[in-house]
Structure formats: structure tokens, C-alpha cells
Amino acid sequence: MRSHLLNDTTTEHYRRSVTEGVERVAAQLAATERPFTGVTVDDLAPRIDAIDLDQPLGDTTAVLDELEDVYLRDAVYFHHPRYLAHLNCPVVIPAVLGEAVLSAVNSSLDTWDQSAGGTLIERKLIDWTAARISLGPAADGVFTSGGTQSNLQALLLAREETKTDELTKLRVFASEVSHFSVQKSAKLLGLGPDAVVVVPVDHDKRMQTVALAHELERCAEAGLIPMAVVATAGTTDFGSIDPLPEIAGLCEQYGAWMHVDAAYGCGLLASRKYRHRIDGIERADSVTVDYHKSFFQPVSSSAVLVRDAATLRHATYHAEYLNPRRMVTERIPNQVDKSLQTTRRFDALKLWMTLRVMGADGIGALFDEVCDLAAEGWKLLAADPRFDVVVQPSLSTLVFRYVPAAVTDPAEIDRANLYARKALFASGDAVVAGTKVSGRHHLKFTLLNPETTTADITAVLDLIAGHAEQYLGESLDRAC
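Under this note's numbering, the sequence shown has 463 at position 463, and the numbering climbs by one with no breaks.
Source of the hints: derived by calculation from the structure; they are not laboratory data. Everything numeric in this text was worked out from a predicted model, so none of it was measured. One or more of the hints may lead you astray.
[Stated by the list, open to error] Label pairs and their computed distance ranges (CB to CB):
1) Ala426 / Ala100: 29 to 39 angstroms
2) Ala360 / Asp43: 12 to 22 angstroms
3) Arg325 / Lys273: 43 to 53 angstroms
For every residue, glycine included, the Cβ atom is placed at its ideal position computed from N, Cα and C.
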């Protein structure tokens with residue numbers, strides 16, 4: 001069994017095995033004609049259940065054959081131009097190369113003596129991102145597993161900065177379309193059930209600053225503590241961007257920590273065309289960025305940034321076996337001093353490789369393409385009488401609803417939209433997402449693939465309409 005350990009004596013085995021796996025994936029990608037095969041749980045589960053994990057196949061080729069049957073053939077492929085569903089991007093090749101390197105070397109980014117250069121590379125990328133945001137010379141941060149962890153850590157720092165033990169008095173303000181991790185974080189941080197104050201949004205799904213000001217004033221009058229305001233730069237459902245400068249002003253007025261959840265909108269940090277859409281982000285106390293959403297990185301590659309590096313002390317614990325206090329005076333850079341995690345992958349390497357091969361402008365140009373595509377898609381939807389589009393996109397998301405001319409019952413239209421999404425997924429021809437707007441079911445395109453064209457959007461809209469019309473026709477037949 002030692003022959004399977006990666007070391008100086010098994011490099012040829014490593015090279016052959018990885019090459020065989022890469023060739024298998026490359027062949028699958030080249031042959032993929034649809035984003036999904038339409039396989040069902042009932043079809044796939046028995047194949048996986050039948051595998052006896054206590055009986056190894058012992059051969060890489062045989063294992064890859066099996067993997068093709070239970071995973072590769074039926075995976076949902078985000079690289080396909082008609083995958084239009086969630087915040088999943090196709091990945092750039094330099095980042096995939098970085099993934100291969102970091103997995104093989106297997107550095108752990110918690111302490112210097114486990115990562116050395118990896119520590120400095122991550123720190124360099126944090127400094128680069130903080131400079132893109134313009135957080136100032138005292139800024140710092142750390143890579144995380146994703147936006148949920150970044151939001152949790154940011155709110156942890158905000159809670160500690162209030163310097164109070166009266167947790168029931170703390171309030172967090174977030175828009176009604178903010179990410180669910182805000183509520184989850186409040187619960188994990190031991191805040192009260194009423195801790196998160198939901199602020200209404202305007203027609204463009206942006207936080208209403210007049211309503212925010214009203215809620216902050218109510219908070220102050222009630223003797224409560226405005227712990228934080230979470231502004232979103234790219235909501236999950238709509239891609240909407242809250243009015244950051246106005247929110248920053250209110251945070252300064254009421255002494256609240258300003259956190260910007262830019263998990264989606266962080267791609268604008270590399271944009272030459274649309275960077276102005278997140279003006280005001282530089283006034284934040286903390287920022288969430290997900291490179292694996294709009295920087296075209298493999299999952300996971302994310303970070304939380306802070307204006308004042310000193311606030312990261314609230315996540316610091318010292319263990320004698322790992323990062324004893326003496327290492328601080330010895331100026332040994334241990335990233336675990338800043339992180340909620342201990343063992344942590346060298347995910348920063350993927351972004352490093354991307355920047356060194358493509359440059360920031362290359363990433364920004366790709367994100368600009370999908371923003372431009374969303375603008376064209378909005379025009380198509382606005383001009384199509386079969387659909388009602390909710391909001392003009394700020395990023396690359398389109399939320400809409402099939403509305404047949406001959407049907408007026410909202411519940412029946414809901415069922416038609418739900419059926420169309422399900423039928424489309426089952427066909428494998430395209431994958432779209434869904435959400436609710438004012439209690440009604442809508443469909444959603446999240447456009448993160450520069451290879452997607454307006455022709456793809458038109459074709460998928462026709463497929464949606466066709467499935468919805470089929471459902472309504474069958475429904476009418478049943479009613480008769």
C-alpha cells in the first residue's frame with residue numbers, strides 16, 4: 001500500500017494517475033453537449049448504493065471507469081453555456097493548475113512552519129484585494145471557505161467591537177433580500193431572536209436608506225446598540241447593489257460597523273467598465289469577497305477583508321503546540337491568528353496563478369462580458385410579451401416569470417413556472433434557478449459564463465415557454 005503514498009519514490013505513479021484522470025475529464029468536457037443528462041435520484045442512487053467501499057478495485061483505470069458511471073457522466077457542468085442557474089462560474093485553466101499543485105503539495109495555511117511561502121502568497125493577495133477596495137494602509141484579512149464564513153467572521157468582529165456583554169441589546173441591519181447567512185451568523189453568535197432587523201428594499205431591490213435611517217433611530221431611542229449594517233453588493237436573487245455611500249454615512253452617524261457582502265459583486269473590483277457601481281465600498285469596516293463566484297475560481301476561494309487589522313485579534317487564540325504567543329514578538333506570520341479555521345487549504349494559490357497568467361484586467365474583462373450579456377438579456381425579456389422581468393440587472397442576474405396571455409390565476413401561473421423549471425432540468429437541455437418575488441414563483445438566470453450568448457438565452461426562453469404551455473394545455477385538458 002505504500003506505493004500509493006505521494007513521495008520521491010512514487011512520482012511516476014503520480015504522474016500517470018493524474019494524467020489519466022485529467023485526460024478522462026478533458027474527454028468528458030469535450031463531449032458534453034448539455035449541462036446535465038437529466039438523471040434522476042432514483043436512477044443514480046442504486047448505482048452508488050451498490051458499491052462496496054470495503055472491496056477496492058485496486059486499479060486507477062477501473063476506478064475512473066466506475067467514477068464515470070456514478071459521477072462524471074451525470075455531473076452538472078457549469079462550463080456549459082446553457083447552465084444559467086446558480087452563482088457557479090466556469091473556471092479558468094490557471095486556477096485549475098493551481099488546484100492541482102496545492103492538492104499535491106498539501107500545505108496547511110494555519111502556521112508558517114506548515115506553509116512558508118504559501119503564507120506570504122496569501123498575505124500578498126489579501127493586500128492586493130484590500131488595495132483594490134481602497135480600505136487603507138491598516139487593512140488586512142484572511143482567506144475563508146466562502147461567503148457564509150466570511151459574513152460570520154465579520155459579524156463576530158462587529159460584535160466584539162461593541163465592547164458589551166448585553167447581547168440581547170445588539171441589532172444587525174440587513175435588507176430583506178440579503179443573504180441568509182446574516183440570520184444564521186446572528187444565531188451562531190448568540191444574539192437574540194430579534195437581533196436582525198430587516199430593512200425593506202426599493203423597486204430595484206436595493207436597501208431603502210430612508211427606512212434604514214428610521215430603524216437606526218428607533219434602535220437608538222430604545223436604548224439598543226446598532227452593532228452592524230450589512231450592505232450587499234450583489235444580492236443572490238437579483239444581483240442588486242445597495243447604496244453604499246449613503247449606508248456608510250448612516251453607519252458613521254450611528255456608530256455601526258459597516259459590513260459589505262460583496263461575495264457576488266467582488267468581480268467589479270477587477271472591472272474597467274463597471275467598478276463605479278460599488279463606489280462606497282472603500283468606507284466599509286469589513287468586506288466579503290468570493291473569488292469562486294466572479295473571479296472564475298474553483299470552489300473554494302474566498303476572503304474576508306477588514307479596514308483595521310487590529311480587529312482580527314477577536315478571532316485569535318494561542319495554542320502552545322501551534323502558535324504560542326512568543327511567535328508574535330518573533331514576527332512569525334501565522335495565518336491561524338486571523339482565521340476561524342485551523343487547518344486550511346492553500347486556496348489562495350489558485351487566484352495567484354490566475355493573476356500571474358491572466359492579470360486583473362483579464363478577469364475583469366470576463367466579468368464585464370457577463371454583465372453586458374445580462375443587459376442584453378434584460379432587453380430580450382422586456383420586449384417579450386410571454387415574460388415579466390423583475391428588475392434591470394446591476395450585475396449578471398435576470399429574474400423573470402412566464403406569464404401566459406390566456407391565464408390570469410396567479411397560482412396556476414406559479415405552477416406553470418415551477419413545472420417549466422423542473423421539466424427543463426429533467427431534459428438536461430438547460431439549467432435555470434428559481435426564487436420567489438412577493439410570494440410568487442419566478443425563474444432566474446445567473447449569467448456567469450462568457451461563452452453564453454444571447455442566442456442561448458433566446459433558446460432557453462423558448463424552451464421555458466414551451467414547457468409552461470405544455471403544462472397549461474394539460475391542465476386545461478384535466479379540467480375539462
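12 to 22 angstroms as the expected CB spacing between Asp43 and Ala360, which holds or is violated: 44 angstroms, violated
Given a hint of 29 to 39 angstroms, does the C-beta separation of Ala426 and Ala100 actually sit inside it? 34 angstroms, holds
Check the following: the C-beta atoms of Arg325 and Lys273 are separated by a distance inside 43 to 53 angstroms. Cβ of Arg325 to Cβ of Lys273: about 48 angstroms, so the range 43 to 53 angstroms holds.
In this structure, only the earlier hint numbered 2 is contradicted, and the remaining ones agree with it.
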